[in-house]
Amino acid sequence: MVQYMTPHLDASFAALSDATRRGVLEQLGRSDASITELADRFHMTLTGMKKHVSVLEHAGFVTTQKVGRVRTCKLGLRRLEEEAAWIESYRQLWATRFDALDAVVENLKRKEKIDD
Amino acid sequence: MTNLTTIERKSERELVVTRMFNGPPRIVFEAWTTPELMQQWWAPKSSGVPLLSCEMDVRAGGGYRLAFGHDAASSFAFFGKYLEVTPPSRLVWTNDESEDAAVTTVTFEEKDGQTLLTLHEVYPSKAALDEAIVGMEDGMPEQFEQLDALLATLGERA
Numbered sequence: 001m002v003q004y005m006t007p008h009l010d011a012s013f014a015a016l017s018d019a020t021r022r023g024v025l026e027q028l029g030r031s032d033a034s035i036t037e038l039a040d041r042f043h044m045t046l047t048g049m050k051k052h053v054s055v056l057e058h059a060g061f062v063t064t065q066k067v068g069r070v071r072t073c074k075l076g077l078r079r080l081e082e083e084a085a086w087i088e089s090y091r092q093l094w095a096t097r098f099d100a101l102d103a104v105v106e107n108l109k110r111k112e113k114i115d116d
Numbered sequence: 001m002t003n004l005t006t007i008e009r010k011s012e013r014e015l016v017v018t019r020m021f022n023g024p025p026r027i028v029f030e031a032w033t034t035p036e037l038m039q040q041w042w043a044p045k046s047s048g049v050p051l052l053s054c055e056m057d058v059r060a061g062g063g064y065r066l067a068f069g070h071d072a073a074s075s076f077a078f079f080g081k082y083l084e085v086t087p088p089s090r091l092v093w094t095n096d097e098s099e100d101a102a103v104t105t106v107t108f109e110e111k112d113g114q115t116l117l118t119l120h121e122v123y124p125s126k127a128a129l130d131e132a133i134v135g136m137e138d139g140m141p142e143q144f145e146q147l148d149a150l151l152a153t154l155g156e157r158a
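Going down the list, the protein sequences come from chains A and B. Residue 43 in the working numbering sits at position 43 of the first sequence, with consecutive numbering throughout. Residue 110 in the working numbering sits at position 110 of the second sequence, with consecutive numbering throughout.
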């Protein structure tokens, strides 16, 4: 497991160590974009942006899809997995609260019956 | 046998949590609007972070403040105000601890003597909800220790 994780983590840190690449992720968080749009946005050549995107793609942060002549970039599965994990943990927080709320509701119902 | 809690990211800036309760809306509503009762369930023991204080002025325009932590020095608070209070069916409040925080709407719907509870959080923007998901861990360490523990449990199961 550790051996499996390390290269993945290295790729992540390398991918995120660059300000432009972090900017690209932020941009893709707002909306999908083509390589051309990203190159324009960050005042870079197409070739330069392709390299950055390929590093991000390798680390799992970005996926790309070519439709016709345009390659569109979006946030990768990895971000989606993190989001799914967060949402599940948030669900668990509410589930735990609501289990405790069940007990409060039972108490109130019992009290009402006694008062009747 | 406990009822199922479901959660869904309904849109780019909305989260919806639902759950059935075995009691009528007026009772469930009471548990959400009485400070002494809120204290019994909002921060259950297993969450590891106790509720230090709970002040709630439950009426439209009234404020609330929930402080969590083990002592005053390490505590952190959630606060805001009620926008709408309609017993026993609807509560709306703001979360004012951050500009990017959600507005929360809770509805209590009667279903054959039981209550369908829907908690609806609307964030000001997609970026705000994304940030809540990615950035919460930095902002509220204590609360997220508990989520970390849950994540670890989930990891073990996978």
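Source of the hints: derived by calculation from the structure; they are not laboratory data. All figures in this text were calculated on a predicted structure; none of them were measured in a lab. The reader is advised that the hints may include incorrect statements.
[Claimed, not checked] Some residues of chain B that are not near chain A, with every Cβ distance over 10 angstroms (derived):
no., residue
1, Thr5
2, Pro44
3, Pro50
4, Cys54
5, Met56
6, Asp57
7, Phe76
8, Pro87
9, Thr94
10, His120
[Stated by the list, open to error] Covered, in the sense of this in silico footprint (three residues per stretch, anywhere, with C-beta under 8 angstroms from a C-beta of chain A), are these stretches of chain B:
no., region
11, 22 to 30
12, 64 to 75
[Stated by the list, open to error] Dumping the calculated BS3-like pairs for lysine-lysine here, alpha-carbon to alpha-carbon at most 25 angstroms:
no., chain 1, residue 1, chain 2, residue 2
13, A, Lys50, A, Lys74
14, B, Lys45, A, Lys111
15, A, Lys74, B, Lys111
16, A, Lys109, B, Lys45
17, A, Lys113, B, Lys111
18, B, Lys10, B, Lys126
19, A, Lys111, B, Lys111
20, A, Lys51, A, Lys66
21, A, Lys50, A, Lys66
22, B, Lys81, B, Lys126
23, B, Lys111, B, Lys10
24, A, Lys109, B, Lys111
25, B, Lys10, A, Lys74
26, A, Lys51, A, Lys74
For glycine and all other residues, C-beta sits at the position ideal for the given N, C-alpha and C.
### Query
Honestly, which of those hints from before does the structure not fit?
1, 2, 12 and 15
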